[in-house]
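Enquirer: For this one, chain A is given, so just place chain B on it according to the hints.
Order-wise, the sequence lines are chains A and B.
With numbering that gives the first Met the number 0 applied, the first sequence covers 0 to 75.
With numbering that gives the first Met the number 0 applied, the second sequence covers 0 to 497.
In short, the hints are calculated from the structure, not lab data.
Check the hints yourself; a few may be wrong.
Straight-line alpha carbon distances no greater than 25 Å define the calculated DMTMM-like cross-link-like pairs of lysine to aspartate or glutamate that follow [unchecked claim]:
1. A:50 to B:51
2. B:75 to B:202
3. A:72 to B:152
4. B:373 to B:271
Residues per chain are reported as follows:
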Amino acid sequence: MDIVCRISGARNSFKLLLAFIAIFTLVSWNSPVFLHAEESSCVSCHTSMKKLLEITRDIEASNPKVEKPAESKGEG
Amino acid sequence: MAPLEPYEKVLIDTDFLDEDEDVHGQISCETCHGGNPESNDYKTAHEGLVRDPTFPDPSKTCGECHAIDDESGHPKITGKNKTNLHVTLAPFKNKIYLRANPDSCVRDKIDDAMGTNCSACHSSCGQCHVSRPTSVGGGFIDGHLFQKTPPVETNCTSCHGSRVGKEFHGENEGIPADVHHAEHEMACKACHTGDEMHGHGMDKEPFDRYEVANRAKCEDCHKMAGSEKTETDKQGKDLVHPDHAIHQGKVSCQVCHSMPYKNCYSCHVGKDKSGAPYFETAPSKMDFKIGLNPKVTEDRPEKYVIVRHVPVNPGLFDFYVKDALTNMDKAPTWKFATPHNIQLKTPQNGTCLACHGNDKLFLAEEDLEPWEVKANKDILVPLKPTPSVRHNWLEQPELHLKKVDCLTCHNPSLQSPIRDCQQCHAKDSVLLTAAEGTPEYSLTNWSFTNKELLEKGNYVVGSNRIPALDIIGILLIILTFAGCAIHGILRFISRRRK
Numbered sequence: 000m001d002i003v004c005r006i007s008g009a010r011n012s013f014k015l016l017l018a019f020i021a022i023f024t025l026v027s028w029n030s031p032v033f034l035h036a037e038e039s040s041c042v043s044c045h046t047s048m049k050k051l052l053e054i055t056r057d058i059e060a061s062n063p064k065v066e067k068p069a070e071s072k073g074e075g
Numbered sequence: 000m001a002p003l004e005p006y007e008k009v010l011i012d013t014d015f016l017d018e019d020e021d022v023h024g025q026i027s028c029e030t031c032h033g034g035n036p037e038s039n040d041y042k043t044a045h046e047g048l049v050r051d052p053t054f055p056d057p058s059k060t061c062g063e064c065h066a067i068d069d070e071s072g073h074p075k076i077t078g079k080n081k082t083n084l085h086v087t088l089a090p091f092k093n094k095i096y097l098r099a100n101p102d103s104c105v106r107d108k109i110d111d112a113m114g115t116n117c118s119a120c121h122s123s124c125g126q127c128h129v130s131r132p133t134s135v136g137g138g139f140i141d142g143h144l145f146q147k148t149p150p151v152e153t154n155c156t157s158c159h160g161s162r163v164g165k166e167f168h169g170e171n172e173g174i175p176a177d178v179h180h181a182e183h184e185m186a187c188k189a190c191h192t193g194d195e196m197h198g199h200g201m202d203k204e205p206f207d208r209y210e211v212a213n214r215a216k217c218e219d220c221h222k223m224a225g226s227e228k229t230e231t232d233k234q235g236k237d238l239v240h241p242d243h244a245i246h247q248g249k250v251s252c253q254v255c256h257s258m259p260y261k262n263c264y265s266c267h268v269g270k271d272k273s274g275a276p277y278f279e280t281a282p283s284k285m286d287f288k289i290g291l292n293p294k295v296t297e298d299r300p301e302k303y304v305i306v307r308h309v310p311v312n313p314g315l316f317d318f319y320v321k322d323a324l325t326n327m328d329k330a331p332t333w334k335f336a337t338p339h340n341i342q343l344k345t346p347q348n349g350t351c352l353a354c355h356g357n358d359k360l361f362l363a364e365e366d367l368e369p370w371e372v373k374a375n376k377d378i379l380v381p382l383k384p385t386p387s388v389r390h391n392w393l394e395q396p397e398l399h400l401k402k403v404d405c406l407t408c409h410n411p412s413l414q415s416p417i418r419d420c421q422q423c424h425a426k427d428s429v430l431l432t433a434a435e436g437t438p439e440y441s442l443t444n445w446s447f448t449n450k451e452l453l454e455k456g457n458y459v460v461g462s463n464r465i466p467a468l469d470i471i472g473i474l475l476i477i478l479t480f481a482g483c484a485i486h487g488i489l490r491f492i493s494r495r496r497k
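Looking at chain A on its own, in the form it has when it is part of the complex (with noise of 0.2 Å):
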């Protein structure tokens, strides 16, 4: 009788991961960042910090190095 409780226990837990999982996979392929992923790389791009941080340090090596620029003096 234990046994009999302690596995449909589980598969009880088993079937609510399985519509937790449903739910947030339907709530985040709805969600606004995967839908304009899905068309544009602007977005993709521009919502990661981690690959804007990589992209704007490749832009910053490529660029030539400029010398200190000229310093304005005084109140604009």
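Expert: Chain B alone, transformed into the frame defined by chain A:
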């Protein structure tokens, strides 16, 4: 304003893509910015990209929805863009061209200099509502979420910071913050509405910002006496301040209510080896100067206004071209100003004599460099004799100036000031009647009527008398005589009995 890391400047908040948070997020990126959204390589993805699709012409972006007022059909927001001074920076060019050498070659070089050093300071729809202005480094205000009201720190004072921002927030040493900010927590938009910020919408472009028809005016809130709605006190009684009655239409509000403000000098512009623009200015000075209104209009009829020194000087464009500004005499270097450090009580409005006769408040030739004299000749205030000299027809001018309230003689309700001694020094002195506009004294009350007069240090007929004391004194004298008489009578009677 805290600087942004390069990646922060272009990081989009995912809330922007949520229709409930920002409807603009439903428009695809390339619709406004162009570029190639299909590419996963940032270099090819950015080919043909427009950083700010709202400058100079926002009609194909913002204008799709925000061009015309649906109700009135009048130009609204982008419909007024062509005359929006934040976009056109027209006053910059107008003022420089007034002073510029007419030679076309020189003008071309001035245009080049202005294009490099001055024109970058413009704004646009995007540079107010989406990102910080490009001239201060750009970067999204809040992850590309559109801001209905641009934030003060990142978008108003990031450009208008050195003078207006510091004045308004009390960041100049010893000068308190503007009363509208300090006591009423008002931000820029409380006075400078969206309607004004988006331009005045007339066909003719205004010469400068004071020609903008829908600009902010003190009178928008502080109604003056004689206007449709006067300002009222807490009891709903009309506030007709005698000083306002006297000065209205003659003196701008700032003359009485502004504190010392920043004046800038000697700007020189150039560009370094990489082509990056730079400027140098001489140290600014805190000062307060009243000048003659350089441009009296129906809208701005005052004779006396505040003037602020602008940093223009003959060598401004020397880096680009010599003798660029050969017509410096065509426009004053002290220009009409409206400092943003308004106070109810200021050093110059405490008493009449704090301003009248205080020559250092008025712009004089000694405040000018030799090359500026001709340019400013029309706004110099001719100095008048001191108040004691102007009142030397009185028997004791110094005593009168010290003890008599100026408004007693210069009563705003009178056609002209009182000059007849008999009007005051007489039994039926005008001082015994409170005329309209003067403080309500009462010299016949049983209470201590002289308290207010003595506190103000004024001298008026009867101000050293208290009617109650007079009556008590007379009673004492009568009682003394009565006592003596009764005493004498009693002694006379007692002697007769003996």
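Enquirer: Failing hints, ascending?
Expert: Of the numbered hints given earlier, the structure breaks just one, which is hint 4.
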